[in-house]
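Fit the two chains together into the complex; they arrive one by one in their own frames, and the hints show the way.
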Amino acid sequence: MEEKSKESKYLPLDLPYLPQEIIFEILLRLPVKSLLKFRCVSKSWLYVLSTPLFNKAHVKFSLTNHNMSNYRVAAVTSISGLDTICNFYNIVSDNSFVTENCPPKSLSLSGRILGSCNGLICLNSDSFTLTLLNPCTRKFNVFIDTAVQYKGSGVGCSVSYGFGYDASVEDYKVVKIFSFNQIEDRYENMVKVYSLKAKCWKIIQGFNSGYINGKVAIFANGALHWEACLGDSWEIITYDLALERIEKMVLPNYEGRRIYWTLGVSRGYLIACCNYEPNRADIWVMKEYGVEKSWTKLVTISSHVDRWAHISPLFAAENSDEVLLKIDGELKLYNSRNRSFKRFKSFVSGDFCQVQVIAYFESLASPHI
Amino acid sequence: MASSSSSSKTGLKKMLTLKSSDGDEFELEESIVIQCQTIKHMVEDGFSLIPLQNVDTKTLTKIIEYMKKHAEKTESNKEEIKNFNKEFVKGSFDDQFELVSAANYLHINGLMDLLCQSIADRINNKSVRAVREIFNISNDYTPDEEEKVRDEHKWAHEGGEFDESLD
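For the record, the sequence lines run as chains H and Y.
Each residue of the first sequence is one higher than the one before, starting from 1 at the first, in the UniProt record's numbering.
Each residue of the second sequence is one higher than the one before, starting from 1 at the first, in the UniProt record's numbering.
Just so you know, nobody snuck in bad clues.
Below, a list of computed lysine-lysine pairs in the BS3-like style, where the Cα atoms sit at most 27 Å apart:
#1 H:43 with Y:154
#2 H:60 with Y:126
#3 Y:78 with Y:13
#4 H:43 with Y:148
#5 Y:86 with Y:58
#6 Y:90 with Y:78
#7 Y:73 with Y:86
#8 Y:86 with H:60
#9 H:43 with Y:126
#10 H:139 with Y:154
#11 H:139 with Y:126
#12 H:43 with H:139
#13 Y:154 with H:56
#14 H:192 with H:139
Derived by calculation from the structure, the hints in this document are not laboratory data.
Next comes chain Y alone, as it looks inside the complex (with noise of 0.2 Å):
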């Protein structure tokens, strides 16, 4: 197997596997993929080739991104890390459900906090039918119970025009 031939020539450092569900692999030190609690438990089983059956390339890349530089975490980076995070949470609403998803599978807590924050923040505003639209809900409510619904409190619904845009 291709990991065990560079985990030799790396030397101390010990390397892991990762498979994604298109079937790439990715090479990555021990010290990096244990923030993930899913891969760190397999790997305290003995596992050095680990298959993502639920994630595809184009995330698990992502989910590289962020371990590998979450890994570099120092006192003196702070800064750079949120600067960082706040770049990682820019993409569309399907591409942060794509990763949020595989955060909660993998159990990334970081990760999975700073997507829950960023997809709640960006909703926030939204209307209730934008936010039907982004998660893709349809709406079971006949008219007369959503009314009764909303009256309940009123004035959630109140102050200021809420956002429609989908994105």
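Just chain H, same shape as in the assembly (with noise of 0.2 Å):
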């Protein structure tokens, strides 16, 4: 399956030492870096690199590899009235960042992160179109956004996205959720879903729900999450991209009333963070995806700092000694045994300006379909 008829003409005579499926296995345990250079090795090197089995193969080793130091942030920081730049950093050690991977000239990157997924980063890169960036192989995708006509007149419309991977069909999906509120905190959602290998946004069925928090999905186990609340109660709307289906899911049971929810993905896990009081709040993981009692409280963090802030979990260490959050405008690597946070240098933050932040891995993956 991996060998061409027709480049066996370029094999080389002298017989390499190791069989092709070995040399699959190596490569998959290396950075993207390297492997784009050693796509000029040979012919057969890259042939290997460049099949979608290898990609695939990448990816699914890259989500069970569980060291922070495979992880990689972007953020995008908007200055308010001035500009937007969008920042790519790679963890390379405890509080340090290196920004290595930067966009394209080409692309214009005005706007906000709407999701990532499989290494690959899905943002609205102006009113109308959206982009998909491979921000390690530098190879993007400009497709036109949609908008919706509401049979109300003058009612305010808020808007929540998610992207994710519909292995089923081997498809990516941007789904966009416009929010119209009805009475008090209740709210008639419709849904559209845009397939790339389709190339068109379609309309699927809507539902009604509380306010829309998550204004960007999270991507677990084949589905998106938003969190979501009515009045004091809080619960999780799936998206299964597969199923295509609306869901409900059950966040840990609090009792109180200016608690909030925040969500992440860490190491395939969906995790979920209850901000408390102003400076405490709880790091949930669910451990069985669907099992609501599978819901293990990871950390409480606890901050000396008397307001509240707004945490989002980025990772969780396996052992949950660190957990790497934002935390308003800043990244800050949380350490559970002592207690201690350690802020990232190098990070571009600041009180003038609104930080987003996305938590993605690297890969191969292309952005076209």
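Here you go:
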């Protein structure tokens, strides 16, 4: 399957030491930058590295690789009224970042991050188009955004996005939810789904819910997840990309009025963060996907600063000793053993700007289907 | 056969004999050897003397060393195993390639993963030229073709000097 007959004439005469299946296994374990470099080794290496089989295996391998150093962070910083910059960071050691991957110059990144999955990042570049970018290969794909016409007039509409991979048909999909306020906290939602393969948007069955707080969905287990609240009660709205179905998922039970939830995904697991006091938050992990009882508390975060900070979880280490968090506009690594925070240097932040952050991992995934 | 007499001596422990391509025989407890999927299947089929035509004595000795150590794995000696693994992958590329081929043939998943990761880590910062030498691959690109492939991802070839050494 990996051998093409027309390529056999290029095979070297002296026999290489290792069969291609072992070369395949070794290459799987290399970072993307090295893989791009080693495309120059020979035609047979270029061939292996270009096959969808290898790309898929590489994504799968990266997904199960549990080190934080394999994670990358994409951050969009909007300086009010001025400009928006998109940066990509490698987490190289405990508290430093290297900005290694730069977006291609031809791409204008003036928008927001709408989601990430398999190493691809979905952004809205302007009001009319969306961009799918692989920051590692610097390949991108621009396609048209969508809008809706609503029957009622004068009703405000809030928008939530989601981006994920439908493995059943090997297609990337963007979901856009338009929420229209009905009475009090209740919303009527219209849903549109873009298929990268079909290159078009279609309307699917809408639903009613509370306020969808999550403007960007978390992709885990083939589904998208948004946190939503109805008064003081919170839940997760899920959209299964293969089944094309909206469902609800339960969060861990919390009493209290001013709580709010944020979601994340780490090492393939859905994680949720409950902010319940000005300086305290609990991080939970759903150990078995879809099983409500499997919500397990990983760590309680307590900070000395007595103010409400907006905490989102980006990564939780396997032993939950370390959790990478976005706290307001900053990125911090929380160590649960000594309850300390480490701020990441060289991370663009500041009071004057709004920062949007998403974690992803390196892959060779193509933004074109 | 030698294996049958010793299996009665050790009583409960079932013994197996592995035979290298050089004809040397190694007697081992079954519990150690079944880490290896290929042998496990042969044991299930009733074999007790297992000839390994693709594995020479030198390589088999190393593999047995690995399997013995990993059979001792418990919750408390994780650090020890980690250090053992670190030492285990220190050999030359040629030795590593012999081992990885054997691990692949024998289907010892843990060893396969260990060796592939170690080889990947060692070539990560190597130059394209060094990698060709190490893997004994001849450059089948014309200069123009190679230039074209390089230009597609120019930045992957930038960012400091790459290691030209072959060890």
